[in-house]
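Chemist: Next come the chains, spelled out residue by residue.
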Amino acid sequence: MTPKEKAGKREIVIPGEIIAGGEDILPGDWTTKEGKNIISLRFGIVDKSDRLTKVIPLSGVYIPRRGNIVIGEIRDLAMSGWMVDIGGPYSAFLALRECPGFIEESEMETVYGIGDLIVVKISDVKRTAVDLTMKHRENGLGKINDGLIVRVNPHRVPRIIGKEGSMVKIIRDATNCMITVGQNGPVWIKGDNIKDQLFAEKAINFIIANTTSDGLTEKVEEWLKANGGKK
Amino acid sequence: MTYKITRKNVAEALNSNERLDGRKLLEQRQIEISFGVSNKAEGSVRVKMGKTEVLAGIKMGVQEPYTDHENEGTMMTSMELLPLASSNFEYGQPSIEAVEIARVVDRGIRESRFIDFAKLSIVDGEKVWSVFIDLVTINDDGNLIDASALAAILALLAARFPVYDEKADKIEFGEFTDKKLPLNLENLPLTMTFFKLGEKIFIDPTGEEEDVTEGRITIEVSKPAGEKSEMINAMQKGGDATFSVEEVGSMVEEATKIFKKLKSLVDEEVDKFEKSAEKGAKKKGKKD
Amino acid sequence: MAEGKWREKIKMAKEEKSLYKERVDGRKFDELRPISAKVGVVPNADGSAIFSQGDTIAIAAVYGPKIFHPKNQQNPEKGVLRVHYGMLSFSVGERIRPGLNRRSQEISKVTEWALNPVVMLDELPGTAVDIHINIIQANAGTRCAGINAAAMALAHAGIPMKSMVSAVAVGKMDKTIVADVNKEEEDFEEGEGATDMPMAYLSNSDKISLLQLDGRIQTDKFKEALEAGKEACKKIFEIQKKALKEAE
Chain A
1 MTPKEKAGKR EIVIPGEIIA GGEDILPGDW TTKEGKNIIS LRFGIVDKSD RLTKVIPLSG
61 VYIPRRGNIV IGEIRDLAMS GWMVDIGGPY SAFLALRECP GFIEESEMET VYGIGDLIVV
121 KISDVKRTAV DLTMKHRENG LGKINDGLIV RVNPHRVPRI IGKEGSMVKI IRDATNCMIT
181 VGQNGPVWIK GDNIKDQLFA EKAINFIIAN TTSDGLTEKV EEWLKANGGK K
Chain B
1 MTYKITRKNV AEALNSNERL DGRKLLEQRQ IEISFGVSNK AEGSVRVKMG KTEVLAGIKM
61 GVQEPYTDHE NEGTMMTSME LLPLASSNFE YGQPSIEAVE IARVVDRGIR ESRFIDFAKL
121 SIVDGEKVWS VFIDLVTIND DGNLIDASAL AAILALLAAR FPVYDEKADK IEFGEFTDKK
181 LPLNLENLPL TMTFFKLGEK IFIDPTGEEE DVTEGRITIE VSKPAGEKSE MINAMQKGGD
241 ATFSVEEVGS MVEEATKIFK KLKSLVDEEV DKFEKSAEKG AKKKGKKD
Chain C
1 MAEGKWREKI KMAKEEKSLY KERVDGRKFD ELRPISAKVG VVPNADGSAI FSQGDTIAIA
61 AVYGPKIFHP KNQQNPEKGV LRVHYGMLSF SVGERIRPGL NRRSQEISKV TEWALNPVVM
121 LDELPGTAVD IHINIIQANA GTRCAGINAA AMALAHAGIP MKSMVSAVAV GKMDKTIVAD
181 VNKEEEDFEE GEGATDMPMA YLSNSDKISL LQLDGRIQTD KFKEALEAGK EACKKIFEIQ
241 KKALKEAE
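Residue numbers (the working numbering), protein chains in the order written: chain A, 1 to 231; chain B, 1 to 288; chain C, 1 to 248.
Keep in mind the hints are simulated off the structure, nothing from the lab.
Since the structure is predicted, the reported quantities are computational estimates derived from the model, not experimental observations.
For glycine and all other residues, C-beta sits at the position ideal for the given N, C-alpha and C.
Don't take each hint at face value.
[Claimed, not checked] Residues of chain C clear of chain A, computed beta-carbon distances all greater than 10 Å: (1) K17; (2) E31; (3) I35; (4) V41; (5) D46; (6) K66; (7) F68; (8) P70; (9) N75; (10) Q105; (11) N116; (12) A155; (13) E184; (14) E192; (15) K245.
[Said to hold, decoys possible] Distance ranges between label pairs, derived from CB positions: (16) A/T217 <-> B/M76: 46 to 52 Å; (17) C/E189 <-> B/D169: 50 to 56 Å; (18) C/K242 <-> A/T217: 25 to 31 Å; (19) C/K242 <-> B/L25: 40 to 46 Å; (20) A/E218 <-> C/K235: 53 to 59 Å.
[Stated by the list, open to error] Here are the computed lysine-lysine pairs in the DSS-like style, where the Cα-Cα straight-line distance is at most 27 Å: (21) C/K162 <-> C/K230; (22) B/K170 <-> B/K127; (23) C/K183 <-> A/K36; (24) C/K78 <-> C/K21; (25) B/K51 <-> C/K245; (26) B/K24 <-> B/K170; (27) B/K261 <-> B/K200; (28) A/K33 <-> C/K234; (29) A/K195 <-> B/K8; (30) A/K126 <-> C/K66; (31) C/K221 <-> C/K234; (32) A/K190 <-> B/K24; (33) B/K24 <-> A/K195; (34) B/K263 <-> B/K275; (35) B/K51 <-> A/K202; (36) B/K24 <-> B/K8; (37) C/K235 <-> C/K183; (38) C/K66 <-> A/K54; (39) A/K190 <-> A/K143; (40) C/K21 <-> C/K230.
The following block holds chain A by itself, in its conformation from the complex (with noise of 0.2 Å):
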């Protein structure tokens, strides 16, 4: 690879690789420190500050974290509430009392069967269990009922929302399809017919391919512009 290519491109390391040497230095987030090396945990991007070093991993299981919008798939019905699964080794649960308005039990496959997805929020995590509410739908939760779900690494869920928003907002109005991103990977997409959603299905992908790439928003905007985007 050409310096110059390189220059495009962020730091990749492996598990056991030494990134960073200094007594001030702090290890961050899958790093630890052996004596004055700050050593990478992850196969991942390092992520270098003035006092810290961290690595943000390329792959792996979603860490789930209180107040993240995820979407699961209801696994089964229990007795007041549903276990719901968002991927990796979690037991997910939706409380009955965690939903807005009174549903009673005999209600509940109705509300959400076996195999619905629904947008859902993370309200308290403790070890792999974790429990999940339906409360505040402003946020956009609820069940999907149609559109298109692309599966996506959760490592790349941050490139594909941008900073504050701005790289899904670039995908949004150019395929003109609601997107929602769950942090743990799926991301819903719904447009008014197939072939834009179809449409906005590509583009994630494109961002995919291309997440360690820097000025990586001008390429997604050249690639909508390149294949038929609206805006």
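Given the coordinates of chain A, work out where chains B and C should sit on it, guided by the hints.
Modeler: Just chains B and C now, with coordinates in the frame of chain A:
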């Protein structure tokens, strides 16, 4: 597992005659073929159909013939659905999926008389060659039957006898002759499976598409010399769906068309392989 | 520095009048076979890699972590690695019948023990990570190629690891220590014959996580073998690193 909503999308796309990847109902994915996957095999090949990847290896041995076929060599086909290829596959006894693929592929080759079993006899009634066709999956993204059947045929075409010391009754594994297997090339069988969803019939589904199919019919076709029409050498209906006589009739017709296309692909690839093998042998000759 | 010491030893080997003066394929005693490595070869897997060392080709795929609560687990606070190693029937001269065999079982276990020390299983409580290794073509050093592929697949899958693991089979042919034994060398019979020592080193600590011996070796020669292995594994680590960095 495919999401319910994705199944709905896949089904809708199929119903509108345009699949999610843009293909038509009777359009095949890109097929990639490469020979010589293992230099320890008497013949081996990798077949990719889209993201589905299957390896086939031919191993040969010498054994006593079966009592009811004293002057014929033997053949055995196995299919291993490696857990490497999908989280749906498990270790242990072969699943019915694996067993079915092995048996259907086997029948097609046997019934077509592609292999001249009589020519595999070394000493009639005493010693015959046995041909093992071993199939393994590397990645499952739908349509394993067709990928496996194609791989089996290609591996047989690429196979060469190992060096065999008849007096000592010893095979020098790893040392190969130039001698091809005794194949009746005009009987070459090729497999195509037709899948059904509702009223729609299509071929070569991806993993997601296969998840929504309701039934399938596999047809193995050959065009033997001297026959006016194509020959069906094996057939298998799978899944719960039912098929009308017309549907089956149109599948058979379509199968003969697909056979022609596949056959020219096979001929092209085998030709490439044999030319490069010749080059390799010539180079070796020059070195010596 | 260690390399310098080893070159002295090679000189000594020639003086020692070992019956194995030159390697069958012309390599230097510390030279590895041509190696190629690539990740992302099994689209369905969470992580995957293929690793070829000379004519030995290993493919590995990782699935997980997934929920797993085994009945008799000593420490429920830690995840588990489940390794399965198998050779394809046509990877060797004489066909291997598909199915379980004792050699594969043993290799699966020692591979698990080779990788466990680096996988941060405390970060994955109540889960299992499945590692599937298959040998497509065998020419000695299969378990080592398998470990090299598996380590890359684990990293590729995003499993947190303290270090990479690199493995190589060191041999002693008569009196000569060599790195990366091939099949012909494994079958060497002159003089003291062939001794095969598969070993694996952690990339950033010079600690050994795989060590086996097939044959006999004098204790002082053995130290030489460990040094040879360490140097060889460093080279292999560089190749694993490059392959991961070039992932698509």
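Chemist: Hint by hint, note whether the structure agrees.
Modeler: Cross-check of the supplied hints:
no., hint, verdict
1, K17, "41 Å, holds"
2, E31, "24 Å, holds"
3, I35, "17 Å, holds"
4, V41, "15 Å, holds"
5, D46, "7 Å, violated"
6, K66, "6 Å, violated"
7, F68, "8 Å, violated"
8, P70, "14 Å, holds"
9, N75, "15 Å, holds"
10, Q105, "26 Å, holds"
11, N116, "14 Å, holds"
12, A155, "4 Å, violated"
13, E184, "33 Å, holds"
14, E192, "36 Å, holds"
15, K245, "5 Å, violated"
16, A/T217 <-> B/M76: 46 to 52 Å, "58 Å, violated"
17, C/E189 <-> B/D169: 50 to 56 Å, "24 Å, violated"
18, C/K242 <-> A/T217: 25 to 31 Å, "29 Å, holds"
19, C/K242 <-> B/L25: 40 to 46 Å, "44 Å, holds"
20, A/E218 <-> C/K235: 53 to 59 Å, "40 Å, violated"
21, C/K162 <-> C/K230, "18 Å, holds"
22, B/K170 <-> B/K127, "12 Å, holds"
23, C/K183 <-> A/K36, "43 Å, violated"
24, C/K78 <-> C/K21, "49 Å, violated"
25, B/K51 <-> C/K245, "23 Å, holds"
26, B/K24 <-> B/K170, "52 Å, violated"
27, B/K261 <-> B/K200, "22 Å, holds"
28, A/K33 <-> C/K234, "21 Å, holds"
29, A/K195 <-> B/K8, "16 Å, holds"
30, A/K126 <-> C/K66, "17 Å, holds"
31, C/K221 <-> C/K234, "20 Å, holds"
32, A/K190 <-> B/K24, "24 Å, holds"
33, B/K24 <-> A/K195, "16 Å, holds"
34, B/K263 <-> B/K275, "18 Å, holds"
35, B/K51 <-> A/K202, "18 Å, holds"
36, B/K24 <-> B/K8, "18 Å, holds"
37, C/K235 <-> C/K183, "21 Å, holds"
38, C/K66 <-> A/K54, "26 Å, holds"
39, A/K190 <-> A/K143, "13 Å, holds"
40, C/K21 <-> C/K230, "22 Å, holds"
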